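**Q** Sequence:
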Amino acid sequence: MGYKDVYEGWKADPEGFWMKAAEAVDWIDKPSRALFDENAPIYEWFSDGMVNTCYNAVDRHVEAGHGDRTAIIYDSPITGRKDKVSYANLQTRVASLAGALRDKGVTKGDRVIIYMPMVPQALEAMLACSRLGAIHSVVFGGFAANELAVRIDDAQPKAIIAASCGLEPGRVVDYKPLLDGAIELASHKPDFCVIFQREEKPAELIAGRDHDWFAAQEGVSPAECVPVEGNHPAYILYTSGTTGAPKGVVRPTGGHLVALNWTMKNIYNADPGDVFWAASDVGWVVGHSYICYGPLIHGNTTIVFEGKPVGTPDAGTFWRVISEHNVRCFFTAPTAFRAIKRDDPTGELIKEHDISCLRALYLAGERADPDTIEWAQDVMKVPVYDHWWQTETGYTIVGNPAGIEALPVKIGSPTVPMPGYDVQILDEGGNPMGPNELGAIAIKLPLPPGTLPTLWNAEERYLKSYLKTFPGYYETGDAGMIDEDGYLYIMARTDDVINVAGHRLSTGAMEEVLASHPEVAECAVIGVSDQLKGQLPVGFLCLNKGSGSSNEDVVQECVQLMRNKIGPVAAFKLAVVVDRLPKTRSGKILRGTMVSIADSKDYKMPATIDDPTILDEIKDSLQGIGYARG
1 MGYKDVYEGW KADPEGFWMK AAEAVDWIDK PSRALFDENA PIYEWFSDGM VNTCYNAVDR
61 HVEAGHGDRT AIIYDSPITG RKDKVSYANL QTRVASLAGA LRDKGVTKGD RVIIYMPMVP
121 QALEAMLACS RLGAIHSVVF GGFAANELAV RIDDAQPKAI IAASCGLEPG RVVDYKPLLD
181 GAIELASHKP DFCVIFQREE KPAELIAGRD HDWFAAQEGV SPAECVPVEG NHPAYILYTS
241 GTTGAPKGVV RPTGGHLVAL NWTMKNIYNA DPGDVFWAAS DVGWVVGHSY ICYGPLIHGN
301 TTIVFEGKPV GTPDAGTFWR VISEHNVRCF FTAPTAFRAI KRDDPTGELI KEHDISCLRA
361 LYLAGERADP DTIEWAQDVM KVPVYDHWWQ TETGYTIVGN PAGIEALPVK IGSPTVPMPG
421 YDVQILDEGG NPMGPNELGA IAIKLPLPPG TLPTLWNAEE RYLKSYLKTF PGYYETGDAG
481 MIDEDGYLYI MARTDDVINV AGHRLSTGAM EEVLASHPEV AECAVIGVSD QLKGQLPVGF
541 LCLNKGSGSS NEDVVQECVQ LMRNKIGPVA AFKLAVVVDR LPKTRSGKIL RGTMVSIADS
601 KDYKMPATID DPTILDEIKD SLQGIGYARG
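With the numbering used here as the guide, the letters of the sequence shown map in order to residues 1 to 630.
Read the hints as simulated data drawn from the structure, not as lab findings.
Note that the structure is predicted; figures quoted are calculated from it, not measured.
Treat the hints with care, as some may be off.
Taking lysine to aspartate or glutamate pairs in the EDC-like style, the calculated list, with each CA pair at most 20 Å apart, reads [stated by the list, open to error]: (1) Lys308 x Asp343; (2) Lys565 x Asp553; (3) Lys108 x Glu224; (4) Lys308 x Glu348; (5) Lys545 x Glu348; (6) Lys308 x Glu168; (7) Lys444 x Asp13; (8) Lys545 x Asp344; (9) Lys573 x Asp599; (10) Lys30 x Glu229; (11) Lys158 x Glu184; (12) Lys604 x Glu617; (13) Lys601 x Asp616.
With the hints as extra help, turn the sequences into a complete structure.
**A** This is the structure we're talking about:
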């Protein structure tokens with residue numbers, strides 16, 4: 001069956017489609033049906049089934065005779081350490097940690113916050129929670145104390161599992177003082193903390209509250225897997241809200257298992273035993289879905305990589321990891337490839353490594369501009385598949401289903417909707433739009449299994465944030481269009497569609513034009529307030545290292561490019577060359593913050609910002625062209 005047959009098969013019988021997919025999961029009690037819609041528009045999947053995530057991700061592979069298969073490869077170019085953990089070893093380690101948590105009072109439904117760097121113990125902590133039916137919430141290691149405190153007060157964890165420190169190129173990040181500060185700030189106090197001491201910087205433990213990772217497990221009997229209902233939350237993952245309170249996305253256990261297992265073969269074309277590498281972090285949804293759960297549920301080997309695309313030690317580190325560990329499927333963010341391309345524009349470093357083991361590169365996390373995709377294709381000599389999804393959905397909304405049928409790539413499009421997702425383009429009144437018309441991207445309810453059923457302790461906020469604008473639809477917050485072949489094009493966040501003298505223009509389309517300049521490594525376009533035209537676009541350009549052109553020449557050439565490719569309607573006359581763009585740690589450019597700076601408005605320092613000092617550089621650049629007057 002090809003993609004169209006599979007997609008139409010789902011549309012004709014959604015219940016049957018997902019019940020068949022659920023057969024690949026080991027249930028304790030099988031669900032009586034797939035969809036539970038009695039409380040619509042709050043939908044649930046597989047609610048009356050009984051299951052355990054950790055059993056499906058670890059124990060069943062050992063019981064099937066695959067205990068010797070490598071579950072986790074740890075590769076840390078920062079420390080020089082490498083390690084392999086078999087499924088049998090992982091089972092022992094997870095059951096032991098779960099036993100320690102159980103003996104200290106953690107039971108089904110309790111919350112546990114995990115505050116860890118990219119080490120195998122982070123995955124062990126997640127799996128130990130799911131083994132007990134505890135609900136984990138991973139907070140990005142090194143997050144500021146006040147932001148961690150907000151999450152402690154919202155999730156109200158019984159326990160916190162943390163590492164003493166994290167490692168960045170050239171520096172150690174002390175986690176323990178941040179954790180102590182967060183607990184002090186928070187109204188809710190955890191019963192206890194478990195601290196994984198890293199030899200680079202062990203931390204002082206607070207007597208009575210803090211327990212050493214290994215000491216806590218001494219003399220403890222291993223924990224068995226606790227059955228939970230299909231609608232039981234597996235985890236809470238906080239997305240940074242634009243207001244003060246982050247949104248706690250809830251991930252339901254049954255749908256999570258069914259959906260992730262389905263994606264591993266059908267989207268990523270991964271077979272059990274293949275090495276799958278998502279170069280992300282456990283603090284992000286990609287880390288949950290495709291470093292920890294997806295690969296392990298499917299019986300793959302997953303890579304935990306503690307490093308960066310450049311600087312650990314150079315722009316060839318990705319190629320080394322792929323070659324050395326026989327990676328078949330590779331998934332990362334476009335921003336990682338822009339960093340590599342900027343440091344090594346001609347791709348010289350890849351020639352030092354044999355990456356013939358690799359089947360495909362998958363990009364997600366932000367819009368993949370054509371220039372980046374074309375560069376990756378040319379250098380890597382493998383198919384490059386952009387795909388689109390969100391923290392809220394947990395896996396692909398629109399992608400190229402390589403395991404069903406590798407569809408022709410249209411550069412600039414993440415391809416087509418996956419089964420479960422009825423994606424539509426709506427105008428401001430909620431009416432469907434025609435092919436190639438720019439509008440709001442919405443998904444007809446119900447969303448498929450594994451997607452968020454609600455927000456943690458905030459059902460009204462869930463309804464208001466996602467379901468109110470277009471009744472009967474989930475509002476994605478993205479703007480785009482669908483062509484006559486059914487391919488989706490994401491042009492911007494809805495907020496990033498700017499209005500220039502009555503013309504609705506996509507900042508994404510403008511960024512595509514700027515990125516096509518041979519000296520531009522990375523760029524961003526924002527809309528700034530203008531008394532005459534409402535808004536005007538401003539471009540920010542990061543140039544390739546060793547660029548032979550002057551900044552003034554590149555700016556003039558980019559203005560002309562925009563005039564040639566989009567036309568005078570864009571009114572594009574302002575661009576500045578900057579060394580860096582402000583980003584979240586996952587690589588998303590903070591365009592909204594840049595707009596606030598340009599318009600001299602107050603803004604909240606984004607919790608996930610990678611380096612706050614960049615905002616001062618952006619402000620200086622904007623003042624140089626007459627903006628950011630405040």
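**Q** Against each hint, give a clear statement of whether it holds in the structure.
**A** Verification of the supplied hints:
| no. | hint | verdict |
| --- | --- | --- |
| 1 | Lys308 x Asp343 | holds, 13 Å |
| 2 | Lys565 x Asp553 | holds, 18 Å |
| 3 | Lys108 x Glu224 | holds, 12 Å |
| 4 | Lys308 x Glu348 | holds, 18 Å |
| 5 | Lys545 x Glu348 | holds, 14 Å |
| 6 | Lys308 x Glu168 | holds, 9 Å |
| 7 | Lys444 x Asp13 | holds, 15 Å |
| 8 | Lys545 x Asp344 | holds, 8 Å |
| 9 | Lys573 x Asp599 | holds, 17 Å |
| 10 | Lys30 x Glu229 | holds, 10 Å |
| 11 | Lys158 x Glu184 | holds, 15 Å |
| 12 | Lys604 x Glu617 | holds, 17 Å |
| 13 | Lys601 x Asp616 | holds, 14 Å |
Against the hints set out earlier in the document, no violation occurs for any number.
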